[in-house]
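Based on the hints, put chain V in the right spot on chain Z.
So you can see what is in the structure, the chains are spelled out below.
2 protein chains.
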Amino acid sequence: MPSYTAPVDDMQFILHDVLNIAEADIPGYDELDRETTQAVLDEAGKLSAEVLAPLNPVGDAQGCTLENGVVRTPEGFKAAYDQMREGGWMGLDADPDYGGQGMPYLLQSATGEMFVSANMAFNMYQGLTHGAMSAIHAHGSDAQKQMYLPNMIEGSWSGTMNLTEPHCGTDLGLIRTKAEPQEDGTYRITGQKIWISAGEHDLTDNIIHLVLAKIPGGPEGVKGISLFIVPKFLVNEDGSLGDRNSLSCGGLEEKMGIHGNATCVMNYDGATGFLVGEEHKGMRAMFTMMNEARLGVGLQGYAQGVVAYQNALAFAKDRLQGRDVTGPANPDGPADPIIVHPDVRRNLLHQKSFVEGARAFTFWGAQLIDRAHRNEDAQAEAMISLLTPVLKGFLTDKGFETTVLAQQTLGGSGFTREWGLEQFVRDARITMIYEGTNGIQSLDLVGRKLGLNGGKTVMAFFEMIKAFIKESEQDAVLKAQFLDPLKTASKDLQAAAMWFMSHGIKDPNNALAGSYDFMHLFGHVCLGYMWARMAKAAHLKLEEEGADADFLEAKLATGRYYMTRQLPATGMHLRRIESGAEPVMDLAAANF
Amino acid sequence: MPSYTAPVDDMQFILHDVLNIAEADIPGYDELDRETTQAVLDEAGKLSAEVLAPLNPVGDAQGCTLENGVVRTPEGFKAAYDQMREGGWMGLDADPDYGGQGMPYLLQSATGEMFVSANMAFNMYQGLTHGAMSAIHAHGSDAQKQMYLPNMIEGSWSGTMNLTEPHCGTDLGLIRTKAEPQEDGTYRITGQKIWISAGEHDLTDNIIHLVLAKIPGGPEGVKGISLFIVPKFLVNEDGSLGDRNSLSCGGLEEKMGIHGNATCVMNYDGATGFLVGEEHKGMRAMFTMMNEARLGVGLQGYAQGVVAYQNALAFAKDRLQGRDVTGPANPDGPADPIIVHPDVRRNLLHQKSFVEGARAFTFWGAQLIDRAHRNEDAQAEAMISLLTPVLKGFLTDKGFETTVLAQQTLGGSGFTREWGLEQFVRDARITMIYEGTNGIQSLDLVGRKLGLNGGKTVMAFFEMIKAFIKESEQDAVLKAQFLDPLKTASKDLQAAAMWFMSHGIKDPNNALAGSYDFMHLFGHVCLGYMWARMAKAAHLKLEEEGADADFLEAKLATGRYYMTRQLPATGMHLRRIESGAEPVMDLAAANF
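As they're listed, the protein sequences go chains Z and V. The numbers in the numbering used here rise by one with no breaks, and the one at position 79 of the first sequence is 74. The numbers in the numbering used here rise by one with no breaks, and the one at position 488 of the second sequence is 483.
Extracted from the complex, chain Z is given alone in its bound form (with noise of 0.2 Å):
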């Protein structure tokens, strides 16, 4: 069975050396000082590896049931989310006037990555919460902010995204789900819903369902979808529950991995259904919901790489086979542990260099977040729009592509149950899909957000990444072996922007031929980015009395790898781009 270790020190590096967090000026940060962050990381910790962790192979092997309309999770995760619960970890970032404890989100993706590393189907119950919640708190009355939060915030009743139906995945112009309404201002929801995360379980007293559906006679396509409250159990007036909703679990999917998560077809049959916000404005209520979601994915693209790494190591460093071919590194035992061998240890390097950058990148985004609503800073706002799809479409491609990789420093034991490291790549490849297909985060990227604000935002962006070059270059090590590749993967990207805006004007195909390597480009050079002040701090601290100079060392090791290694891609989807739309639309759909 696998094991996972909290990446405490990582993260407490991260926040506190590279981010300085406490000098941020965001309201809230002046609490999270270095003690506080490491007491809370600590008890997540605790109950990600002892808790959740083994309940991860054995929501796995065990899945979910539907008997007579109700879903059984895996046991053991009725007790585990009320152990959850009771620490308070649902509501950590929720608004205290709703009895939440208004952490900063920042806190929230540390504690996420932990949960989701040790149990991403099991975490998906709080996350698909976390998210209704949001959509709630941001576009709900005051009325429906009383009526549902405390409870979601508090666990016993959770929450869900329905957007998906049989037809329409990405398209959400063709929804047919109906919402007519009635004469005592609610609205009776009918349609079926598909792939709904969590639609039906044991483990809360109600579900919060979010539904999009058109009232009928609304506008057509996007513009003509309302966002509905439709809860399982209707709740009185008092608070107490009432009538149970016309709404049912029809079914749960078969699939590929995230077995101990509930995928539910969704039945609405004249259910009750409370409009949130406008009608034929859900869509903009659904983007908060969907923005938020889509950072979750992203996390849980590397945070599975993240686990499947410790895994790889640990086998790495016990698993005899071979000799160091300069010399036996164990020359009492048979062989020697196969972290000598190079190739393994590049296969390791590339998944360790890919989830500590990973983590950098997810930390400095939910950064952004925290400033953009705390500060209510506009500039914020716009950079994390932008970095939003880089966010979950490089690190969902890179994170399963690690999950891969650790899986294939095994070997055999790779391919089998027992070591497990095959459920983290079956449970990683969903997140490549969902909330929006990795192709969809690349036309976001490329139809929308480059030119956000006129394009202001990604030139913003770029001055960020040539500001912290200039303020940095003092430092000829680091200048040799981060700055320099930095700036060359950032010209490249450059160079691939400047092409879309000069060639996508004569035909948008040219821009979204490239969008794909676009995005994996912009990915690489985040990271890069990333790695770049990660070693800028190193240095920095490794002058400082009592560093812990091993950790520190390996960081920047660590990086120069990244820079090495994985960085060049950039001049490989540069070229891709600049090959333009013709080699992708030169081919008649009939003759494929």
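Derived by calculation from the structure, the hints in this document are not laboratory data. Check before you lean on any hint, since a few could be wrong.
Pairs count within a copy or across copies, as identical chains cannot be separated in the list.
Claimed, not checked - Below 20 Å or equal to it, Euclidean Cα-Cα: the simulated SDA-like pairs (lysine to any residue) are: (1) Lys501 x Val320; (2) Lys486 x Ala564; (3) Lys486 x Gly566; (4) Lys531 x Asp581; (5) Lys41 x Glu30; (6) Lys173 x Lys312; (7) Lys218 x Val320; (8) Lys451 x Glu274.
Frame of chain Z; chain V shown alone:
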């Protein structure tokens, strides 16, 4: 449920228009005219599509069961196996002296691709037999050949390879299974072998295990390994089955994929074994099996990509989401088929350009094997020896990647069991691991094959490409679109080889740290070369009257995609290689 269509036209194009097998001057190839191969491929394609493919999800869902030492294969496997046996497919390329059909290995590969695409787990039963047959044919005594080959070729007996033990996979020098010589000339075999594909099952009357073991008192390490025939049922002088041998299946491995194939723990409890070849010379014989098996695994890798791509393509033509940015392609429908979208096309062309290139590469490799064996051509033997790790490592890495991309084309549907794409991903995953992990392939390539014949073989490879470019470059379009990119890629490969030579002497880790990138660089050059040859053939054929212009133009467009979008990876691999050992070796094992 996924479907499968045998790619007969593409195979015919490669066999007759690209490889020109009728003019290849290889004994047996003169019989392979267009009509003959068409008939054989049609027949194999029909069997694959109608019998094997429908059993693929059945095998995945049911898996194999072990009860009282008996392994039951999934429903329908036995009937399908008998049908293949009766069709004479098991001995297609086997020696006619023992009942085989004596067809070239090339045709075995072509039909093999179909069987594997249709049902990989099923086809492994006969695939393993083929390897065992080859080893007995090459190294067994006349009596052994007479005793075992006819029934194996006919298919009523099957075969296995027994290498791995719990404590050693790659490092065979560590094996503990022992073979004690008996007075009657036989050996008592005692030990445990794991991960034995098709080690026990209900498809055949007897199973002929080939087992690596050590004779006590022999040399240490791999030099003390001998190869034994250890049949499940001993065979009497008259060929009838005798006593049950002292060996048994001790368990079935639970694994990520290929559930239809029984992966067995095999216990040998003083079983009677018969030495193959000389004592302590087992590794040589095992290499005969392994080399063939490695080519077979490379084929498995891309063959899973083939069927995954077919199903992704069907989905992309059918699924309606969004609109073509340049104007509706399906104005009367609610949306356009997703194949209009540039990023969906990019994904499909990535798949298509790989699998068609991989097919050509594999067929060329099979032709080299035929030339090596049938013409006793030492240069062809050396060339295929050089290419074997590339065929295995590159085609399985990229074949797996192709299944993942195909799954992505389906969005959420790709993650569900129902659509079957996720099975291709899970099944393809093992190909990167077994018969030597791809890391091991890269070591074989850089550590042994590059220096083969003092480097003359790799030089011959470069000369071959150079000569091809030279003799083809009067076609200006071919030159610009295919030959120039091939030349660049080939130069990258030569530069990498040179870098290894000049830096590997100083420190072998300089070469080993770049071995994996080198394998991929090499693979891209091989596929670039195959695409250039295919493009040249297509250009010539387009001038013929009655040529299938749609097919040939599609071939050229697909090739152009490969050259512009996949081949630029060579530059990235070269840069990584040239960064040498340092980024990989710097970090102390304890500080990972």
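Looking back at the hints listed earlier, which ones does the structure fail to meet? Numbers 6, 8, in rising order.
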